[in-house]
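Colleague: Below, each chain spelled out in residue letters.
Protein chains: 2
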Amino acid sequence: MGSELKDVRLSVIDERIKSVKNVIAVSSGKGGVGKSLVASALSLTLARRGYRVGLFDIDFTSPSTHIILDVGESRPIEDRGIVPPKIHGISYMSITYYSEDKPTPLRGVDFSNALIELMAITRWGDLDFLVVDMPPGISDATLDIIRLIKRSKFLIVTTPSKLAFETVKKLIKLLSDLRVEIIGIVENMKIRKSDFIKLNAEELGIRYLGGINFDENLEDALGDVGRFSKTQFFRGIEEIAEELLKALASRA
Amino acid sequence: MGSELKDVRLSVIDERIKSVKNVIAVSSGKGGVGKSLVASALSLTLARRGYRVGLFDIDFTSPSTHIILDVGESRPIEDRGIVPPKIHGISYMSITYYSEDKPTPLRGVDFSNALIELMAITRWGDLDFLVVDMPPGISDATLDIIRLIKRSKFLIVTTPSKLAFETVKKLIKLLSDLRVEIIGIVENMKIRKSDFIKLNAEELGIRYLGGINFDENLEDALGDVGRFSKTQFFRGIEEIAEELLKALASRA
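If you read the protein sequences in the order shown, they are chains A and B.
Each step along the first sequence adds one to the number in my numbering, with nothing skipped, and position 196 is 196.
With the second sequence counted from 1, adding 1000 to any position gets you my numbering.
Hints listed in this document are in silico derivations from the structure and should not be mistaken for laboratory results.
Yeah, the Cβ is synthetic: ideal placement off N, Cα and C, and Gly gets one too.
There is no bait here: all hints are sound.
Computed footprint of chain A on chain B; a stretch qualifies when at least three of its residues, placed anywhere within it, have a C-beta under 8 Å from a C-beta of chain A:
{"#": "1", "segment": "1026 to 1036"}
{"#": "2", "segment": "1057 to 1067"}
{"#": "3", "segment": "1133 to 1140"}
{"#": "4", "segment": "1158 to 1167"}
{"#": "5", "segment": "1211 to 1222"}
No farther apart than 16 Å at their CA atoms in a straight line, the calculated lysine to aspartate or glutamate pairs in the EDC-like style are these:
{"#": "6", "chain 1": "A", "residue 1": "Lys173", "chain 2": "A", "residue 2": "Glu202"}
{"#": "7", "chain 1": "B", "residue 1": "Lys1190", "chain 2": "A", "residue 2": "Glu219"}
{"#": "8", "chain 1": "A", "residue 1": "Lys193", "chain 2": "B", "residue 2": "Glu1216"}
From just these sequences and the hints, can you work out the full model?
Modeller: Written out as structure tokens, the structure is:
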């Protein structure tokens, strides 16, 4: 690919998300902390409040939102680019539409190219929120999304575990070095009372948006949005959404 | 780097692990399933049985074994290459010795180079087992390790969740396509009785090595090997190790 073509695509991307008010990159230091569940529930709850919401699953490492939301046979429509289908009121796009559940080990450059391509062709239209389900950790994708969407705000998900928080510290360090905004931290899968994450987040100058208890009924609700919306986890996310809206309002 | 230099390093790697009998790549479809805990406990339990064990943490995405095993101030010694320090009876090497807890977002090629370099300089000596804590999922690192250590046997860790197993299926598909041996699957963090993973593993022709119940006391044992060895989780791994040894014996 010549650098001229690349430049064209980058400016197309700016154009594509011109009418998106907030880009929230839901991220984590490591996998398995519930990042995709948070991104899915946050998108649903914001849409129910009347916001125009897009959800973009670029977690190439383990895409999950299509299972959580049961997107079924929905497909993007081709029309001067591609238009994301509406899933439960959300404009939905996922890398899985183009990988078809095949194992797709993308080397760095291929990934970057696939991401640029998807970003350049997707017509999000007017949105209040574009929620991006990021790959976990500090990877090519993290760097790419920062480069491609300069006004992304990062929402970081962690568990109470020190193993998870060790990786969160690295992510925060990287984002700070790159002067990327971190809108707050969400603590998921709490199994007992502890202020460890809250205190550490505040020490790093990051807003603690709230904690959500471990919900053993969550697994059975995957793929059934009606049931998912009634879980204790989902109610936790509704409160987090409230805090997120406050955080966004307070920085304006 | 010229291709000649590359070839030299690749043949050095073969030489470095010539006296290693079994290379066990502890892998997972996604992060957060307890892969590093399994790799750490497996290494410890094999060492206690009198096997000569090395543990190599190449999980660039979220290295954790140095925290689990509390490696402290230990450092490799330089002597015609580098000699891994002995930690609790294990020859231990980690990418963190060279990244020093700084955020190190390695692009594809850099990662590959760093991995080749580490593999080329580390003097493992005579080992019965080299346990490799892999990065989660299907990434450059998975492909690299398959290329660099052709006789790796993969041990796959999953949770009971369908989100985790979806990603395991992709990993198995990739490994099968590349004709890489899968020695078995370990189910971690079980919170109730279920045969879902066992049945699905067997259907895919993969040996189910056992399930380990969710252990809420595990978090407090991280970094304290004495305490870690007394957890319910660790006892589960002792049984898994038994099954692993049987699996290795039965294929000879």
